[in-house]
Each structure stands twice: as structure tokens, then as C-alpha cells.
Amino acid sequence: MLAETLLEARDLTKTYKLPHGLGDRLLRRAARAVHALNGVSFAVDRGETLGLIGESGCGKTTLGRTLLRLHEPSSGAILFEGRNVADLDEAELRAARRRLQIIFQDPYASLNPRATIEDIVGLPLRIHEKLPRREVRDRVAALIERVGLRTAHLRRYPHQFSGGQRQRIGIARALILRPSFVVCDEPVSALDVSIQAQIIALLQELKSELGLTYLFISHDISVVAYISNRIAVMYLGEIVELGSSWSVVESPRHPYTQALLSAVPGRRRFGGERMRLAGDIPSPLAPPAGCKFHTRCPSATEHCRRIKPMLREIAPGEHVACHLYGGAP
Amino acid sequence: MTTLPLLTIDSLRTEFPMRHGIVRAVDGVSLEVRRGECLGIVGESGSGKSVTFASVMRLVRPPGRIVGGRIAFEGRDLLSLNDAAMRRLRGKEIAMTMQDALTALNPAFRVGTQIVEVLRAHDEGEAGRSHAAARRRAVELLKMVGIPDAERRVDDYPHQFSGGMRQRVMIATALACRPKLLIADEPTTALDVTVQAQVLELIDALRAELGMSVVLITHNLGIVADHCDRVAVMYAGQVVETGPTIEVLTRPIHPYTDGLLRSVPRLQRLTDAVRPIPGQVPDLSDLPPTCRFLPRCNRRRAECEQPIDMRAVTGTRSARCIFTEPAHAG
Amino acid sequence: MSDIALQAAPEPRAESPFEAGLAIFLENRWAVASILLVLIFALVALLAPWVAPHDPNDGDLLRRLQPPAWMTDGEWAYPLGCDALGRDILSRILYGTRVSMLVGLTVVVISSGLGIVAGLAAGYLGGWVDTVISRVVDILLGFPYLIFAIGLMAMMGPGLQNIILALVYKEWVVPCRVVRGETLAAREVEYVEAARAVGATRCHVMLREILPNVLSPVLVVSTIRMAHVIILEASLSFLGLGVQSPAVSWGAMVADGREFLYDAWWVSTLPGLAILALVLAINVASQGLRDAFDPRLRE
Numbered sequence: 000m001l002a003e004t005l006l007e008a009r010d011l012t013k014t015y016k017l018p019h020g021l022g023d024r025l026l027r028r029a030a031r032a033v034h035a036l037n038g039v040s041f042a043v044d045r046g047e048t049l050g051l052i053g054e055s056g057c058g059k060t061t062l063g064r065t066l067l068r069l070h071e072p073s074s075g076a077i078l079f080e081g082r083n084v085a086d087l088d089e090a091e092l093r094a095a096r097r098r099l100q101i102i103f104q105d106p107y108a109s110l111n112p113r114a115t116i117e118d119i120v121g122l123p124l125r126i127h128e129k130l131p132r133r134e135v136r137d138r139v140a141a142l143i144e145r146v147g148l149r150t151a152h153l154r155r156y157p158h159q160f161s162g163g164q165r166q167r168i169g170i171a172r173a174l175i176l177r178p179s180f181v182v183c184d185e186p187v188s189a190l191d192v193s194i195q196a197q198i199i200a201l202l203q204e205l206k207s208e209l210g211l212t213y214l215f216i217s218h219d220i221s222v223v224a225y226i227s228n229r230i231a232v233m234y235l236g237e238i239v240e241l242g243s244s245w246s247v248v249e250s251p252r253h254p255y256t257q258a259l260l261s262a263v264p265g266r267r268r269f270g271g272e273r274m275r276l277a278g279d280i281p282s283p284l285a286p287p288a289g290c291k292f293h294t295r296c297p298s299a300t301e302h303c304r305r306i307k308p309m310l311r312e313i314a315p316g317e318h319v320a321c322h323l324y325g326g327a328p
Numbered sequence: 000m001t002t003l004p005l006l007t008i009d010s011l012r013t014e015f016p017m018r019h020g021i022v023r024a025v026d027g028v029s030l031e032v033r034r035g036e037c038l039g040i041v042g043e044s045g046s047g048k049s050v051t052f053a054s055v056m057r058l059v060r061p062p063g064r065i066v067g068g069r070i071a072f073e074g075r076d077l078l079s080l081n082d083a084a085m086r087r088l089r090g091k092e093i094a095m096t097m098q099d100a101l102t103a104l105n106p107a108f109r110v111g112t113q114i115v116e117v118l119r120a121h122d123e124g125e126a127g128r129s130h131a132a133a134r135r136r137a138v139e140l141l142k143m144v145g146i147p148d149a150e151r152r153v154d155d156y157p158h159q160f161s162g163g164m165r166q167r168v169m170i171a172t173a174l175a176c177r178p179k180l181l182i183a184d185e186p187t188t189a190l191d192v193t194v195q196a197q198v199l200e201l202i203d204a205l206r207a208e209l210g211m212s213v214v215l216i217t218h219n220l221g222i223v224a225d226h227c228d229r230v231a232v233m234y235a236g237q238v239v240e241t242g243p244t245i246e247v248l249t250r251p252i253h254p255y256t257d258g259l260l261r262s263v264p265r266l267q268r269l270t271d272a273v274r275p276i277p278g279q280v281p282d283l284s285d286l287p288p289t290c291r292f293l294p295r296c297n298r299r300r301a302e303c304e305q306p307i308d309m310r311a312v313t314g315t316r317s318a319r320c321i322f323t324e325p326a327h328a329g
Numbered sequence: 000m001s002d003i004a005l006q007a008a009p010e011p012r013a014e015s016p017f018e019a020g021l022a023i024f025l026e027n028r029w030a031v032a033s034i035l036l037v038l039i040f041a042l043v044a045l046l047a048p049w050v051a052p053h054d055p056n057d058g059d060l061l062r063r064l065q066p067p068a069w070m071t072d073g074e075w076a077y078p079l080g081c082d083a084l085g086r087d088i089l090s091r092i093l094y095g096t097r098v099s100m101l102v103g104l105t106v107v108v109i110s111s112g113l114g115i116v117a118g119l120a121a122g123y124l125g126g127w128v129d130t131v132i133s134r135v136v137d138i139l140l141g142f143p144y145l146i147f148a149i150g151l152m153a154m155m156g157p158g159l160q161n162i163i164l165a166l167v168y169k170e171w172v173v174p175c176r177v178v179r180g181e182t183l184a185a186r187e188v189e190y191v192e193a194a195r196a197v198g199a200t201r202c203h204v205m206l207r208e209i210l211p212n213v214l215s216p217v218l219v220v221s222t223i224r225m226a227h228v229i230i231l232e233a234s235l236s237f238l239g240l241g242v243q244s245p246a247v248s249w250g251a252m253v254a255d256g257r258e259f260l261y262d263a264w265w266v267s268t269l270p271g272l273a274i275l276a277l278v279l280a281i282n283v284a285s286q287g288l289r290d291a292f293d294p295r296l297r298e
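Those protein sequence lines, which keep their order, are chains G, U and E. 0 is the number of the first residue of the first sequence in numbering that gives the first Met the number 0; add one for each residue after it. 0 is the number of the first residue of the second sequence in numbering that gives the first Met the number 0; add one for each residue after it. 0 is the number of the first residue of the third sequence in numbering that gives the first Met the number 0; add one for each residue after it.
Please keep in mind that the hints were generated in silico from the structure rather than gathered at the bench. Hints are not guaranteed to be accurate.
Said to hold, decoys possible - Output of the computed footprint for chain E on chain G, the stretches with three or more beta carbons under 8 Å from beta carbons of chain E: (1) 96 to 102; (2) 130 to 137; (3) 156 to 170.
Unchecked claim - A short, non-exhaustive set of chain G residues, derived as facing chain E with CB atoms under 7 Å: (4) L69; (5) A90; (6) R93; (7) D105; (8) L122; (9) I126.
A virtual CB, placed ideally from N, CA and C, is assigned to each residue, including glycine.
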């Protein structure tokens with residue numbers, strides 16, 4: 000049974016230009032830019048959870064937001080339901096937002112402190128569907144109960160809830176319009192460990208009940224591996240590896256993935272030396288030439304310093320961007 | 000033969016009077032830290048893990064106050080020391096690092112200046128007397144914690160370092176006077192996983208080199224598994240389980256420890272279903288007179304309707320539970 | 000439903016952030032006392048014609064510079080004495096409250112309204128809107144306040160309406176800057192991004208997401224500014240540029256008594272004390288408001 004592609008990113012880039020003023024021009028300094036996303040391409044299948052991991056500055060947060068055009072892409076396409084999201088005008092984009100949603104990381108900053116829960120969760124309904132107030136309230140109440148809160152909570156304000164409860168409110172807001180694709184941007188990172196488990200369970204239940212597709216972004220590799228069908232690994236704005244969770248975790252191919260996985264705490268008891276990387280993450284303002292990872296890679300060759308490896312499928316469903324896995328660039 | 004523990008906390012109680020009631024953040028905590036060991040303190044928000052050690056350092060912010068118990072460091076009663084004596088202790092014998100290095104280090108001063116300040120205040124040798132000697136030592140310390148180009152970077156400001164480097168700078172400052180005890184409060188929470196590993200390995204190496212004891216406060220069980228000899232699990236202001244790390248993590252007795260272990264995904268066991276602990280942490284200003292974990296416990300009995308004390312299960316393990324056997328093996 | 004449902008935790012009262020702030024404010028005794036004092040002034044302003052013992056413009060030259068009641072030659076019918084034209088000072092102070100309160104309130108309300116709109120637009124819409132508004136603000140801020148007001152009044156002529164206009168002219172930049180700054184910060188907060196993510200229009204974001212959250216600082220700033228405005232009005236009146244007779248202004252009263260400071264100090268000093276009392280009360284009350292409502296101070 001073939002997987003059906005729900006959303007596809009093609010060569011997505013996002014560049015932030017640094018201010019380049021008169022002084023810089025007079026001193027003949029080159030204009031600088033940060034390439035937060037540098038030609039990212041991948042497809043998400045309907046009904047799957049695609050995990051996205053990487054360290055600070057890799058671009059995973061930017062990618063999540065750019066897919067929804069909360070940040071405008073600098074170039075590239077986002078194909079969803081037969082159209083290129085990057086090309087939509089304001090009205091079409093607003094309509095598309097019914098089907099493309101996002102759950103934010105910070106339960107304290109993602110809810111308007113001066114709005115009631117009913118206002119917050121009902122907002123998408125009021126914008127997109129002209130329903131009488133009573134019906135909005137009923138639908139909000141039903142969803143609130145489903146995510147584990149109570150109808151009595153509708154008239155309360157965010158500050159009266161705990162982090163985990165607020166995150167449930169954020170989830171309800173994202174799902175009230177029954178989107179098909181949801182970007183989960185570090186949805187459990189700001190929560191206590193035992194609450195994380197509750198929210199993860201909730202997200203999984205809702206996914207199967209409502210037929211959702213998730214892009215799950217997190218720096219917590221164990222959580223991502225647990226909840227995702229496939230995992231993409233990002234480094235300095237590019238995807239360096241993409242494959243099923245099982246194969247990425249059990250037999251990581253890209254040296255960066257190997258280093259990441261070996262650094263996850265709790266491995267030592269079960270054997271395995273940590274793979275140490277040389278140096279720090281390079282500044283995004285001055286990314287290395289060739290393969291961006293070559294400055295830290297224990298297996299780097301001269302070839303790696305000069306030629307950038309492309310993301311290639313080396314086995315069914317397994318993609319790596321590394322010269323170690325053979326062939327011409 | 001038992002040697003005297005380095006730090007003994009006995010029935011510590013610290014509370015915070017708030018508008019809606021008195022929050023008993025630390026309610027009868029007893030712990031000991033032995034010489035040369037690394038003790039892990041595991042807990043979530045509201046467990047009291049940070050407040051306990053802020054109390055040890057006598058750095059609890061008002062309106063919080065210590066209202067009972069004893070804290071003994073090398074036999075000396077810390078709660079009876081006056082401010083000046085406590086200040087002499089802090090930084091010199093006991094040092095603490097915080098979670099957020101950017102706010103813990105003073106952004107207005109160069110890193111070297113901050114380390115020199117500690118040395119000049121406490122060091123009994125040359126570094127305490129001479130500014131030049133203190134500065135040399137500061138550079139040495141930065142090298143020791145793995146800051147590249149230390150001679151130049153000693154004059155940088157905190158914001159010029161990355162998160163992991165800042166954490167190391169904080170560790171360097173803490174270790175400047177070779178304290179006997181390092182309290183590391185969530186040293187890796189805001190850091191990338193590879194940087195986390197580097198920082199923790201650094202702490203291990205320094206511990207071996209300097210022979211100091213370390214208290215590692217964290218919510219991450221994996222870190223505890225990799226780096227701690229013993230672990231104490233805290234919940235709602237109390238210690239609920241202690242023991243050697245391997246035993247506690249593989250055969251937990253207290254249902255909270257067990258629940259916590261089951262609720263965390265593990266890379267080695269991805270196929271195990273993650274089972275959340277139902278419910279929430281109780282309100283610390285309104286605690287019922289029962290076992291505090293009762294509403295969320297899957298092994299409850301009638302006897303749990305009253306407060307439970309810590310009881311020794313073996314020579315090395317204790318748990319605050321009516322049970323003395325883990326629910327399941329392994 | 001699965002086991003992840005919440006247990007019955009003690010339910011907090013449904014308390015909006017406003018109610019929470021109000022509770023904190025009411026605990027501050029000085030602030031409450033000050034607000035009551037301000038309210039008394041406001042009442043006096045409203046009820047002056049009924050409360051004042053005499054007509055403020057009715058002067059009896061026989062009582063010229065009569066001292067207050069507790070001094071020799073004073074009488075209780077004219078408790079605070081009389082001015083150079085024999086008019087009852089107490090009544091004039093009571094009537095003067097009207098001008099001070101009216102100018103204070105009107106200027107603050109109008110300038111806040113203008114400032115909020117301009118600040119929101121500048122902060123949220125950015126671009127040329129922000130550039131234009133910010134430059135205007137910068138230029139206006141460059142003029143020293145009093146001299147600017149004097150200049151305007153000299154051009155427009157004295158009178159109540161003109162005073163209000165002259166003060167509003169410059170006063171709106173203060174709330175504008177505050178709101179602009181708050182809006183710039185609020186724009187980056189996640190709940191604003193979340194509103195965009197569900198498809199909210201820019202209008203909705205400005206009015207329903209950002210505005211309610213920037214009102215607190217504006218409220219605090221406005222009450223502080225009211226005290227300033229009252230002093231400014233008094234200053235302008237002192238210089239003769241304020242309201243003219245038969246309207247009564249404390250500033251003008253102070254001016255009237257200048258020549259008699261040695262012999263009949265009460266003519267200037269008592270209205271001066273009235274200004275002091277009102278301004279002090281407003282300042283203390285606004286401090287209390289800031290402590291209660293400024294989100295940055297809490298937690």
C-alpha cells in the first residue's frame with residue numbers, strides 16, 4: 000500500500016539578511032546573511048508522524064514555522080492539497096490555515112493572558128465559520144473535555160492553569176478546525192517529565208481519532224524516536240539524514256546522527272562509548288564550504304571539504320547526505 | 000567502618016508564606032552526601048529539590064524561610080552560622096551552579112574578573128593575595144574546563160560565550176577554590192544534547208581529579224543513570240526513595256519512581272509503551288494528611304491514608320512507602 | 000476516555016488579570032486613601048456650586064486680604080480668608096477644583112486615546128506608518144513642554160478649550176511611545192503568532208490580542224501624567240495664559256497673591272497647597288496602580 004504524500008517541501012530556503020548599512024558599504028564589508036534553511040526538501044505522508052531533530056541553530060523551528068508561512072520562505076515550494084502554499088494570497092492563506100495548524104512550545108507565552116479559554120479556543124471557529132455563539136461554545140466545550148479539562152474551565156484565564164493544562168488548551172485551539180497537518184513545535188519540552196507523558200499520550204490518541212499528520216519537532220531525541228514513524232536530522236539548515244525511526248536510531252548512518260545518538264544520556268549503562276565531535280557548531284554566518292559538517296566529522300576527507308553531498312536515497316526509505324555513502328555528488 | 004558524611008541534612012523544613020497559604024516547599028527532608036560520591040537528586044516542579052539545596056547554601060529568597068531541621072557540613076551546624084561565616088563557606092567549601100548561566104553570571108563584568116573576585120575573597124594561597132596570581136589561576140581554570148583560547152577569552156563578557164561555554168565558565172567559577180562539595184542545579188537543562196554530555200563528563204573528570212563530592216539536581220533519569228552513584232527521588236517536598244542508582248532505577252520501590260521510569264521514553268526500549276502517571280502534583284499549601292502520592296498511586300492500600308515515614312528497606316535503600324518490594328522485577 | 004483525565008484539584012476562582020490586580024491594589028492602604036482623596040476632589044469639582052459657601056467672584060473690598068479664621072481678624076464665615084479683591088478663598092479653591100480636574104481628565108483621556116491608536120499602528124504595522132509617527136513624536140518631544148505650551152497659547156489665545164488643546168497637542172506622544180514599545184514587544188510573543196496561525200486578521204490581532212495587554216502600562220502612565228497636566232495648567236494660569244475670569248484656576252490664584260506674600264501669605268499659599276494635595280494624591284495612587292497592575296513587577 001503506497002503512502003500518500005500530504006505535504007511536500009521542495010528546496011525550501013529562508014535567509015535572514017543582516018543589516019548592511021552605509022558604514023559597512025564604505026568599509027567594503029560583504030553583505031552577510033544567515034541561511035536558516037538551505038534547500039530543504041522532504042515529503043510527509045498522510046497519517047504519519049515525521050520527527051525532526053537537531054541542535055540549536057539547525058533550523059528545525061524555522062522549518063516548522065515556514066511551512067505554515069508564519070515566516071515567509073525566501074524561495075522554494077510548499078505543496079499541500081494540490082497547491083503551493085508559498086504562492087497563496089492573503090485570503091487563500093487564511094483559508095489554508097484551517098487545514099495547517101501548529102502547537103507551540105511555551106505554554107506560558109502561547110495563550111493571551113487576557114482572554115478566557117473560551118475566547119482562545121473559540122477564536123479559530125469565530126474567524127472561519129460564522130456560527131452562533133452558543134454553537135461555538137458547545138464545540139469548544141466538547142473539545143476541551145476531550146483534551147482533559149472541564150467545561151467549567153471555559154470562563155477561566157490562562158494564569159489559573161498549570162503548564163500541562165495550558166498545553167492542552169493550546170492543543171484544543173490547534174485542533175478545533177480539524178486540520179489535516181499539525182506542526183508540533185517542541186510541545187512537551189517546557190513541561191515536567193510526568194506531564195510530558197500525559198501530553199504525548201494525548202497527542203497520539205488525538206492523532207488516530209482525528210486522522211492527523213504530525214511534524215514533531217523536538218530536541219529530546221528519545222521523545223521524538225518514541226512518537227515518530229520517521230525521523231529527519233537537521234544540521235545548519237539542511238537535512239542530513241531521513242529514515243524510519245527504527246533505522247535512524249538503531250543504525251544511524253550520518254556521522255552527525257551517530258554523534259547525537261551517542262550523546263543521549265542513559266546509554267552508558269548499556270554500553271557504548273560516546274562519539275566525540277571536534278569543535279563547536281560553526282557560526283551560521285560563516286558556514287563551512289563543502290559538507291557543512293566536515294569541520295567536526297571524524298571521517299572527513301578532502302572531498303568532503305570541497306563538495307557538498309546531496310540528500311540521496313541509499314536504501315528504500317533511507318536518505319543520507321554524506322559522501323561516505325558513496326557515489327558522485 | 001563508616002566515615003562521617005560530608006553533608007548531612009536532617010528533617011529540613013523550608014516554607015514560603017504566600018497570599019493563599021503557606022507553601023511547604025521542603026517538608027522533612029533528610030539526606031546525606033558522602034565524600035567523593037555523586038548524589039543525584041531527581042524530582043519535578045514542586046518536589047523541593049532546588050529549595051533544599053538553596054537552604055543548604057542559606058540562599059532561600061524571602062519570604063521563604065527555613066523553619067526546622069539541621070544541616071551539618073563536616074560536622075558543623077550550618078544553620079547556626081552567622082552571615083559572615085556562611086559567606087566564608089560559600090564558594091570556598093561548598094559551591095553551587097545554577098541552571099541559567101546567563102543570569103547567574105553578572106553580564107556587566109568580564110568572566111575573568113568574576114573568577115578573580117572569588118579567588119581574592121577565599122583563596123588562602125597566593126591567588127588570594129595577588130591580583131596577578133589570581134588572574135593566572137583564572138586562566139588555568141578556564142583551561143581546565145575546556146575553554147579554548149583561554150588567555151584571550153578570560154577577558155570576554157558572559158554574553159560572548161555560547162550556552163555550553165557559559166555553563167563551563169560557571170563551573171570554573173564554582174571550582175576556583177576547590178570546594179569539597181559542588182551542587183549542580185540542573186546544569187544541562189537548557190543545553191543541546193552533545194553539549195550536555197560534554198559538561199557532564201567535565202564534572203565527572205573534575206570530581207575524580209579534585210576528589211570532591213557532587214550533588215547533581217536534575218529531572219533527567221538518563222543523566223542520573225550515567226553519572227550518579229546514588230540517587231534520591233523527591234516528590235512534593237519530601238524524599239520518597241534513596242539508594243544506589245542501578246538498584247533504584249532497575250528495581251524501584253516507590254510507585255512514583257516506578258511511574259516516572261515508565262513514563263519516559265527510552266531509546267533502548269522504544270517499543271515499550273510510555274505510561275503517564277495520572278493526575279497532578281498536589282498543592283503544596285494544602286496537603287492532605289495522607290501519603291502525598293496517594294491520589295496517583297496504583298498500589299494504594301488502606302494504610303496509605305496516613306502520613307508515611309521513610310523506612311529502610313535494605314542497608315543501602317530506603318523508601319517512603321508501605322511496600323518494601325518493587326512491584327515488578329527489572 | 001483514557002486515564003489522563005485530571006483529578007479534582009481545588010478550583011481557583013475565575014479571576015481575570017484585572018480582578019487580580021484590583022485585589023492587590025486594595026491591599027495598599029496608602030494607595031486606597033489617595034484614590035479616595037482624588038475622588039473627593041472630583042466630587043467637590045462636581046458639586047462646587049452647592050458646596051461653596053460664597054460666590055467665588057463676589058468680592059467685598061471691605062474684606063480685602065482678610066486673614067483665615069484661626070488668625071486674628073479672621074472670621075469663620077470666610078474660613079480661609081479673602082484675596083485682594085475680597086473674594087472668599089475657600090470658595091475659589093473649591094471652584095478651582097473644577098478647572099484642574101476637568102483639564103486633567105480631559106487632556107489625559109483624549110491624549111491617551113490618540114496615543115493608543117498611534118502607538119498601536121506604529122508598533123504593529125511598522126514600515127512607513129511607524130516612520131512617520133515616530134518622527135512626529137521625536138519632533139514634538141524635542142520642544143520643551145512649557146515653552147511649547149506657552150507658544151501655542153500665545154498663538155491661540157487663552158481659555159479652557161485652548162488650554163486643553165495645547166496640552167493634548169504634546170501629551171499624546173507619551174502614551175504613544177509607551178504603547179508602541181509594548182506593541183513591538185507583544186508582536187513577538189507566541190500568542191500573537193498563534194492568532195496569526197489560526198488566521199486572524201491584522202485588525203483582530205491589534206485590537207483583541209495586543210491592545211488588552213498594553214492597556215495596563217498605559218493606565219499607569221496616564222494617571223501619572225494627569226498630575227503633570229494639572230501642574231502645567233496651573234503654571235499656564237499662573238502666567239496669565241490659562242482660563243480667564245470669571246472662571247477660577249488655582250494657578251491664577253497663586254499669581255494673584257504674589258505681591259502679598261509677606262503680608263497675606265494665605266492668598267498664594269492655600270491654593271498652592273491645594274495643587275500639592277491633589278498632585279500628591281494622584282502620584283501615590285498611580286504608584287499603587289503600578290504596583291498592582293504592572294505585570295513586570297509581579298512574580
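Hint check, failures only = 2, 5
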